[in-house]
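Residues per chain, in single letters:
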Amino acid sequence: MASASWRNLHNAWKIQTRVIHALIIRELSTRFGRENIGFLWIMVEPLLFASLVGLLWSVIKGPEEHGISVVAFAATGYIPLTLFRHGVQRSVLVFTINSSLLYHRQIKIMDFILARFIIELLGCMMAYLFIGVILIATGYMPIPSDIRLFLAGWVLYALFCLSICLVLSPLSEVSEVMEKFIPVTTYIVLPFSGAFNMLSWLTPSMREFLLYSPFVNGMEMMRKGIWGEKVTAYYDVWNPLICSAVLIAIGLPLCRRVRRRLSVE
Amino acid sequence: MIICRNVSKEYRHAGQRKQVLKGVNLTVNRGDRIALLGRNGAGKSTLIKLIGGVEMPTSGRIEHSMSISWPLGFAGGFQGSLTGYDNARFIARIYQRQYADIRAFVEDFTELGAQLRMPVKTYSSGMRARLAFALSLAIEFDCYLIDEIILVGDQNFHRKCRAELFEKRADRTMILASHDTGTVRELCNRAVIIDQGQAVAYDDVDFAVDTYSAL
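Protein sequence lines correspond, in order, to chains A and B. Be aware that the first sequence starts at 0, since it is given in numbering that gives the first Met the number 0, and climbs by one per residue. Be aware that the second sequence starts at 0, since it is given in numbering that gives the first Met the number 0, and climbs by one per residue.
Hints listed in this document are in silico derivations from the structure and should not be mistaken for laboratory results. For each residue, glycine too, the CB sits at the ideal point set by N, CA and C. Everything hinted at is true.
A few chain A residues that face chain B, going by a derived Cβ cut-off under 7 Å, partial list only: (1) Ala21; (2) Arg104; (3) Val263.
Which stretches of chain A does chain B cover? Using the computed rule of at least three CB atoms under 8 Å from a CB of chain B, they are: (4) 23-31; (5) 89-103.
Straight-line Cα separation of at most 35 Å, DSBU-like style, residue types lysine-lysine; simulated pairs: (6) A:Lys179 with B:Lys120; (7) B:Lys120 with B:Lys17; (8) A:Lys107 with A:Lys179; (9) A:Lys107 with B:Lys167; (10) B:Lys167 with A:Lys13; (11) A:Lys179 with B:Lys17; (12) A:Lys107 with A:Lys13; (13) A:Lys107 with B:Lys21; (14) B:Lys120 with A:Lys13; (15) B:Lys120 with B:Lys167; (16) A:Lys107 with B:Lys120; (17) B:Lys159 with A:Lys107; (18) A:Lys229 with A:Lys60; (19) B:Lys17 with A:Lys107; (20) B:Lys159 with B:Lys120.
Let's have the full structure, built from the sequences with the hints guiding it.
Below, the structure written as structure tokens:
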């Protein structure tokens with residue numbers, strides 16, 4: 000009995016990974032086509048965002064702030080932020096947009112969300128790697144002092160973004176009001192994203208308040224992982240973990256509920 | 000076997016409800032060729048979508064012990080902005096088949112030639128029907144769900160469909176929604192009339208067609 004259900008689970012896993020793979024390829028070819036650099040476009044936008052904002056900041060603020068290169072600081076802030084914003088934008092009405100694919104019963108609605116999120120995740124990671132190599136080579140960014148801490152921060156940040164998508168995509172299907180609110184929400188989140196400053200630069204009461212934001216915790220970990228001794232970081236690993244778990248626990252039943260009501264042309 | 004147990008489906012939109020199916024019970028045996036008869040809006044397509052797993056019943060259960068095709072109709076199953084070949088590639092991936100085999104079958108069956116390199120949204124409904132049939136025949140299912148589509152297309156397409164579906168795959172199960180009573184009498188061994196949300200099954204197709212025509 001136990002081995003049979005284990006085999007079922009294993010089978011289901013194999014089917015879903017295959018489906019997500021197919022969806023990713025399909026999405027990439029519809030969005031970017033096969034001309035010129037093709038799917039490499041997925042990293043262009045985060046890359047442009049990070050480098051242009053970096054340049055703008057270095058004009059406004061000067062080359063360094065708190066002993067850290069402003070360009071590098073902007074890049075480390077804006078790439079994760081792009082993941083959040085794109086992830087959310089892409090998850091709006093994702094079921095309706097893809098509904099014709101529900102004709103194939105092995106495709107589940109979770110696959111739509113995951114496929115789109117993975118594309119954004121890959122794009123941002125490629126952009127990060129690209130910009131990181133350039134900044135390290137030109138001396139603006141140090142070689143990451145603790146790459147594991149950096150990656151842990153990235154994983155937590157991404158997990159929280161995904162869990163937000165899991166709640167927002169079914170909600171955007173249920174109500175048009177929700178759908179209209181989403182662009183504003185991504186803007187409101189900006190001060191709580193941790194993109195613009197380290198917590199150690201702020202007043203203690205402000206710091207305490209911002210530590211409730213899962214984004215800030217992830218961001219602090221990433222920056223501590225890069226700059227090491229040069230910065231002081233404040234973070235709690237449990238905050239993004241617990242917040243994500245709560246959102247996932249809300250999002251999954253919501254997705255299921257929306258799927259039951261979904262009418263497909 | 001496919002068993003629908005007390006299946007109901009209700010659509011809600013902007014506070015309004017429409018109950019399409021009310022407690023449908025239906026058993027489809029292996030090898031059956033079932034015609035779904037009913038007036039426009041009676042719920043034929045809805046029942047086909049529920050059996051195909053495209054939509055979920057509001058209440059009741061659908062059990063099946065064989066592989067069921069996706070509903071073959073005018074809409075669904077394709078991505079309009081992708082080419083015919085890209086759609087074939089996608090289908091090959093998600094159903095874990097060799098793309099080369101599917102491609103060869105699709106080229107041969109559809110006779111669409113260079114059109115297969117064009118986005119599906121530029122196809123006529125007859126061309127879509129050809130592609131839909133080709134893809135689902137290339138995958139091989141135990142049961143085919145066919146929603147009206149058999150009536151579109153030209154003589155050549157009709158002949159091919161007959162040869163591939165009703166002759167080569169005569170052992171398969173089929174559920175066919177159609178208004179064409181001639182086709183139904185000729186091809187089906189059972190018929191189901193859907194009316195007022197209820198489904199009534201008849202073993203005598205001629206009798207069912209007469210009853211339907213009198214509705």
